[in-house]
Every structure is written in structure tokens, then in C-alpha cells.
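Residue numbers (the numbering used here), protein chains in the order written: chain A, 1 to 113; chain B, 1 to 112.
No lab work stands behind these hints: they were computed from the structure. It cannot be assumed that every hint is accurate.
Unchecked claim - Below, computed lysine-lysine pairings styled on BS3-like, alpha-carbon distance capped at 25 Å:
| hint | chain 1 | residue 1 | chain 2 | residue 2 |
| --- | --- | --- | --- | --- |
| 1 | A | K105 | B | K9 |
| 2 | A | K70 | A | K105 |
| 3 | A | K55 | A | K73 |
| 4 | A | K55 | A | K70 |
| 5 | B | K57 | A | K105 |
| 6 | A | K105 | A | K78 |
Stated by the list, open to error - Pair ranges (Cβ atoms, derived):
| hint | chain 1 | residue 1 | chain 2 | residue 2 | range |
| --- | --- | --- | --- | --- | --- |
| 7 | A | I46 | B | Q41 | 19 to 27 Å |
| 8 | A | P113 | B | H10 | 27 to 35 Å |
| 9 | A | E17 | B | G52 | 44 to 52 Å |
| 10 | A | S12 | B | L39 | 20 to 28 Å |
| 11 | B | E54 | A | S12 | 38 to 46 Å |
| 12 | B | T13 | A | S74 | 37 to 45 Å |
By construction, the Cβ of each residue, glycine as well, lies at the ideal position given by its N, Cα and C atoms.
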Amino acid sequence: AQTVTQSQPEMSVQEAETVTLSCTYDTSESDYYLFWYKQPPSRQMILVIRQEAYKQQNATENRFSVNFQKAAKSFSLKISDSQLGDAAMYFCAYSNRDDKIIFGKGTRLHILP
Amino acid sequence: DSGVTQTPKHLITATGQRVTLRCSPRSGDLSVYWYQQSLDQGLQFLIHYYNGEERAKGNILERFSAQQFPDLHSELNLSSLELGDSALYFCASNPSGVGTQYFGPGTRLLVL
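Generate coordinates for the entire structure from the input sequences, incorporating the hints supplied.
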């Protein structure tokens with residue numbers, strides 16, 4: 001069975017600094033998707049970034065980028081120039097091509113002014 | 001705003017009762033997924049419907065059932081409610097059952 005592990009329950013970063021959230025996953029599939037979702041205090045689940053496993057190039061979305069290491073089954077999220085609005089719970093997630101999303105337990109990110 | 005709507009936003013009920021949660025997917029999306037987010041279990045997949053047919057089941061209790069109607073909206077029915085069913089229930093949708101899922105705002109259920 002596929003699993004997603006986020007080993008950092010909480011992290012803090014100074015405003016305007018860079019922070020990296022870690023995620024590892026386990027699967028025997030070769031074709032899959034990886035996601036980072038953000039859940040602010042409103043509890044809405046917001047897609048931050050997505051990576052398709054067959055793509056070697058790391059995905060980027062403005063200040064958000066990933067480091068996808070397929071062989072190591074690692075998928076970290078880098079947030080540059082952290083802003084107060086980035087404070088949230090971040091979930092790493094995995095999905096087969098035609099299946100449910102499996103979520104990690106989340107990392108709570110605090111932004112220090 | 002993801003385009004997925006869920007009603008009601010909040011629901012307070014008593015143990016033993018039955019409730020229905022409703023989800024309208026984004027326009028054109030054929031797939032609807034239901035997830036439960038509780039403090040102790042995290043985010044867990046419950047069930048997936050594609051164009052009216054059940055596609056996959058996750059950790060869904062027998063007391064829970066769902067369906068997707070011809071207009072593609074979906075309902076999650078929770079019966080014989082227990083205190084432990086208190087959670088945030090999310091609906092998500094996507095066009096084809098593959099890839100990114102777009103989440104609704106959730107229904108917060110409190111069972112007293």
C-alpha cells in the first residue's frame with residue numbers, strides 16, 4: 001500500500017526567509033502524481049503545487065517549488081520569501097492515475113514577523 | 001474559490017441521528033470524492049464516484065453511504081451517528097477521475 005510520511009509536525013520560519021518542508025512516500029507504481037496542499041485556519045484545502053512522476057523537471061509556482069527525487073521517493077516543498085499568509089498546515093499527498101489521494105499527516109508552518 | 005460547493009457548512013446533531021451532506025462538483029467534472037478529516041485519523045478517503053457509478057471505496061463505515069445523481073451532485077449519508085463521527089467532511093472533484101482534485105470548503109459535523 002502507498003504511504004506518505006511528513007516527518008516535521010511543525011516548523012517556523014522568519015518572514016521573508018526560505019523554508020523547506022520534507023515529504024517521503026512509498027509506492028511500487030511508476031506513474032503517479034504528487035501534490036502539496038495548504039490548509040489555512042479557514043480549513044479550506046488549497047492546491048499549492050503538483051508534480052507528475054514522469055516529468056523530471058521540478059514544478060514551480062511563483063514562490064513555491066519542489067525538489068522531486070523519484071529514486072529516493074522524496075518530494076520536498078520550498079517556500080521562498082515567506083509571507084504571513086503562508087502560515088497554514090501543509091499536506092503532502094500522493095495519487096495513482098485513477099485513484100484516491102493519500103495524504104501525509106501534515107506540517108504546521110508558522111511565520112514569524 | 002475552487003468551484004466545488006458543499007452544504008451545509010456546519011451541522012450539529014445528536015448521537016443516533018442521520019444526516020445528509022451535499023456536494024456540487026465544478027462545472028463539467030464527472031468525478032466526486034469524499035474525504036473525512038478528524039483529529040486522530042487525519043485526512044482519509046471515503047469513496048469515489050464517476051458519472052454516477054461508484055469507482056472506489058476507502059475507509060468508509062457501513063453506516064455511511066453515498067450516491068451521485070444524474071446532475072452529478074453527490075450526497076453522503078451518515079446514519080446511527082456516534083461521537084467519533086465528528087469531523088470535517090470534504091468533497092472534491094475533477095473532470096475524469098485522474099490527477100488533481102479540487103476541494104470544496106467542507107462540512108463541519110459535530111455529534112453531541
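Hints and how they fare:
With a C-alpha separation of about 24 Å, the suggested pair K105/A and K9/B falls inside the 25 Å cut-off, and the hint holds. Between K70/A and K105/A, the direct Cα distance comes to roughly 21 Å. Compliance with the 25 Å bound is thereby established for this hinted pair. For the proposed pair K55/A and K73/A, the alpha carbon gap of about 14 Å is at most 25 Å, so the pair holds. Between K55/A and K70/A the alpha-carbon distance is near 10 Å, which keeps this suggested pair within the 25 Å criterion.
Taking the CA atoms of K57/B and K105/A, the gap is near 21 Å; set against the 25 Å cutoff, the hint holds. For the hint pairing K105/A with K78/A, the CA-to-CA distance comes to about 18 Å; that is within 25 Å, so the pair holds. Here the CB-CB span from I46/A to Q41/B is close to 21 Å, well matched to the stated 19 to 27 Å. For P113/A paired with H10/B, a C-beta distance near 32 Å keeps the hint of 27 to 35 Å intact.
The hint said 44 to 52 Å for the Cβ distance between E17/A and G52/B, and at roughly 49 Å that hint holds. The hinted window of 20 to 28 Å between S12/A and L39/B holds, with their beta carbons roughly 22 Å apart. Restraint check, E54/B to S12/A: a C-beta distance of roughly 43 Å satisfies the suggested window 38 to 46 Å. In this structure the supplied range 37 to 45 Å holds for T13/B paired with S74/A, their Cβ-Cβ distance being about 43 Å.
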